[in-house]
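Take the given structure of chain L and dock chain E to it, following the hints.
Residue numbers (numbering that gives the first Met the number 0), protein chains in the order written: chain L, 0 to 927; chain E, 0 to 179.
These are computed hints drawn from the structure, not numbers from a lab.
Do not rely on the hints blindly, as some may be mistaken.
Distance ranges between label pairs, derived from CB positions [said to hold, decoys possible]: (1) Arg560/L / Asp85/E: 30 to 38 Å; (2) Arg183/L / Asp85/E: 32 to 40 Å; (3) Glu725/L / Thr162/E: 51 to 59 Å; (4) Asp85/E / Ala714/L: 31 to 39 Å; (5) Arg164/E / Arg762/L: 41 to 49 Å; (6) Ala178/L / Thr162/E: 37 to 45 Å; (7) Arg762/L / Asn123/E: 34 to 42 Å; (8) Arg762/L / Asp85/E: 27 to 35 Å; (9) Glu728/L / Asn123/E: 25 to 33 Å; (10) Asp85/E / Gly805/L: 26 to 34 Å; (11) Gln846/L / Thr162/E: 44 to 52 Å; (12) Asn123/E / Glu21/L: 50 to 58 Å; (13) Glu160/E / Pro186/L: 50 to 58 Å.
This one's a predicted model, so the numbers in the text were calculated from it and none came from an experiment.
Think of the CB as a built atom: it goes at the ideal place given N, C-alpha and C, for glycine as much as any other residue.
If you want the building blocks of each chain, they are given just below.
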Amino acid sequence: MTASLSDLPAERWQTFSTLLDEVLDLPAEAREPWLRQLPDEHADLAPLLRTAALAHAEVKARPPADQPRLRESPTGDPWTFSATRRIGPYELLTPLGQGGMGEVWSARRIDGTLNRDVALKLPHTWLLTAGARLRLNRERDILAGLSHPNVAQLYDAGIADDGQPWMALEKVDGQRIDAWCRERRLPVAARLQLFLQVLDAVSAAHARLIVHRDLKPSNILVTDDGRAKLLDFGIAKLIDDDGRGDLTEITRLAGRSATPEYAAPEQLAGGTVTAATDVYSLGVVLHELLCGRRPGAPRGRTAGADEGERGLASNLTISGFAREVGEVDAKALGRALKGDLDAILAKALSRRPEARYNSVERMADDLRRHLAHQPIEARHITRVERGLKFVRRHRLAIASATLLSLSIAVGGAVSLWQAQRAKQAASLAMSEAGRANATRDFLLKVLGASGRLVASDRPAGSITAREMLDLIVDDLDGELKQQPETRLELLELARKLFRQWHDLPRVEQANQRYRALVAELHGGGDPRIVDSLIEQANVYIEYGDFSSGLPLLDQAASLIRSQGLTGSPVEAQWLAAMARHYPADTGDAKRALGYLQQAAGIYANRAPQDSSQRWPRFYLAQALAADGQLAEARRTALESIAMEQTWPVRNDWFIAWQTVELAHYERRLGHRDAARKAYEDGEKMVLATFGRTVDTQLEAVLWRATLMHWAGDDANAEALFAKENELLEAPPDPDSSNEPTSSGEGGAWFRLAYGRFLLDRGRAAAALPLLQRASTVAITSKPVELRQADAVLALGEALAALGRDGEAGQQFAAAHEAYRKLGRPGIEAALDARVRWAQHLAEHGDQSLARAEFAAVMLHADGRALPTVAEAQMGLAELDAKKNDKAAALAQAEQALRTLDQVQALYNPQIRVGLQTRLERLKATPAR
Amino acid sequence: MTGHSTTDSIEGESLSSLWQHLYPDLKALARSRLRRAGEFTLLDTTALVNQSYLKLMANGPEQLDGKARRQFFCYASSVMRSVIVDLARERLTERRGSGEVLRLEMLVEEPGAPVDDDPLIVDNALTALRAREPRLAQVVEMRFFGGFSEAEIAEALGLTERTVRRDWEKARTLMRLLLA
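Extracted from the complex, chain L is given alone in its bound form (with noise of 0.2 Å):
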């Protein structure tokens, strides 16, 4: 019998496939006699087809899900290890659970010593530091001595011979405790009932000092026979490196960022963990589980703010929570609540640690004394304190209720004190302190965690400020849903960075959330609307996408004009956006221009001083330079980063990619040693700004590079491709995958040039794949049909030294129809494809033809002095030769050699030793 349908035989498919169409027909009572009464040759088919025909009920009954989905929640995960791999002691059996920490496998002892299946925790290699290693030992010793009926025992952690750290803890069958109180509609007394288990497994825990730091409703489960079970005892603590900082950033970080709900606020704000923090915790899960709900709102979360209490006290009142429950007798939990509980849960959920129980043990003993009827302790001591601060916290909530009555002896008059107060408390929070205080918390968490933007040098698996930037602003509605104008505030600084970031969808929502809000606020017409439109457009063309912008552009222009903005910075920025839908260097360049040099008029004349300006003026220098201006460009740009340097806000990041930029200029303008300078500083600074792999530094490596390579240094261009093209390759470092990396776009070019390099000598077969790789990467920083334009051509010159000339010649032929269809025919990179394609139809095809491209070539360049046009020089000087025309022969290769003299820019000066060959050979051919 076949027990699974992928084991079964190829030649029983097609038997499995009919009868199982058959029994699909038929009505659901029906299927089950017709498989009883299957004939006995196909009797073994019974029950694959007895479980596909419930599966296809299912599938019927579930709408289908017509189209993918990319999951971000580790649901979808395929499982890091497998079934039957065996990890220290164990032998893994099925997956349990996974999470950002690692997995969680079912697993037997394979001495089988034991015959009991454990839960074998694997966390991420990577979250372990070195020190954390050595403790895992240690700290084992002590959790395995836990032992007691409320806790899922750890049995044994250790670290397999690979490096993998496990941890294997009893197994647990059962449900979290919320679910399991929620579905059994447990009356009050037996939900405390239920938490003083929990709360005497907490203490035996306490009295061996063991901390459990994590205590939440995922993390206690109850059986299906009543008993509660504490999972990851001290768990946290075996993880996390407490001797030093690497680690404890991460739990400290995590506590605010994953799990924060539960987490005291000494935990929150990396204070001391002690018993006291798990008291707060349990505060919590126990509110949780009387009022269906955590307490309040979550005010841990901006820690410094004012002493605000995070307690029961932030919702309207307890029997409204009873009420809105509604899952227990409502009247009794009211009852219960304003009571003892109430006192019970605001002693556990005091912020500062030493107000609250100082030992579980004594919080289990109010519980057990409220349910006995006898007196509290929590009562004794804050029953004062806590009334003030009731009244003080529920003044509109308390006046509500009591409205009626005091109204019918004084009139209007409190009910008009009530509004006034009420408009003051809403004015307060709306007031430029309160929103400088949120703003600034908001900064303290983002920029607090790892110091500064640029996190290069970050601890090992430490969060990063973009992390906690993306956790933040997806809450912004929920913590700062009263006050709207830090919101705005919150998501410009969320644009900005997440655009410095390069984070190019967040950057989109963070603008149509901005927009929206500003819009609400302040009407369609604030100017703000412009520059969000403005910066989305040039997100679009960051991403390649050279028309989403236009109609947002368009948008932009009517609200410049409507709201008076001509002439003024918003415009030159507007300008600029213009400008970049034109690319100058593939497309007409002096449109690009046009808008850029009329921005940078309006800079000069009105905001000479404005820091918007490096942008369009980045712009304008690389426009200059595709309109062949290359000494403006240099000029531009030298002055751009010597004005950056002095503004008190500097952007590194723009110095770093305008030094490359300039760089090229340098280069193309012959300026050997300036060009390399360029390359190397830049490259330094992008490294230091952004680091490794990204498309700026790997564009300043390869120029460094084929630099090296013209100037005949080939042993260290080797050396430098070699090794950049290894770091490149690496598998991504988890530590630093946060940074932005290369798009994929600096990794094909850095391959061509690699490739180019090898091709130059004369390794073509080595050459071939990286060539291949970079043809396959859309490069999106130009117009579709450019894409992989060069990345062709110069596959097509390795297939050519090959000898595989007839897929060479597909190659060229693809490359200079890219440009062709441009209709851009005079840019060097068209007429570079369209010499190359002219050479091949010249060794290969119709001379004709081969002539006519050549002299396209040479009409296009218009006088200028390329490399390009003394190659299309020497090939009509070789089709001449192949006339029989020695004398003009000679006289068009002379003239290509002295084009080549004239050359400004930098170039491959094997092109001039080709050049030569050629023309000796066509000296040495006899006169006919």
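Below, chain E without anything else, positioned relative to chain L:
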């Protein structure tokens, strides 16, 4: 290279080169859509395929005839499949690589949502299915990855709509069992 094909000879060699030409576009299109859509992404594959079809039409002087059009839709579905699967893998790698925060609730993750919309899982199952039931696999590829309606698939494969629906349900059943 497009442009030198005529309607009656648009099959075979020239059609496949047309498609090759289209592949990077489709891929780029899918990518940019995806990037723009944010975290939880439902890929609007129908729109993508239609858009690329229109683009193809704009490049070529003539309409594709019926047969070539059908071939195109099958081809586009398989392109979309490879693009989507690549992207899903890439995402996975990105996520794997990123310094995730420490969470300790691994044992008790909420029971997983159905995963039959996960491209990587469907892709695996589809590969297993193709070896056994090529037509069902084609239907799944067109419907799930290509985003075509039952009517369109019926037309392209020369089946009735009812057959396509039955195939789709049977395919989902078998894929689920093949993965189990």
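* Which numbered hints turn out to be false for this structure? -> 1, 2, 5, 11 and 12
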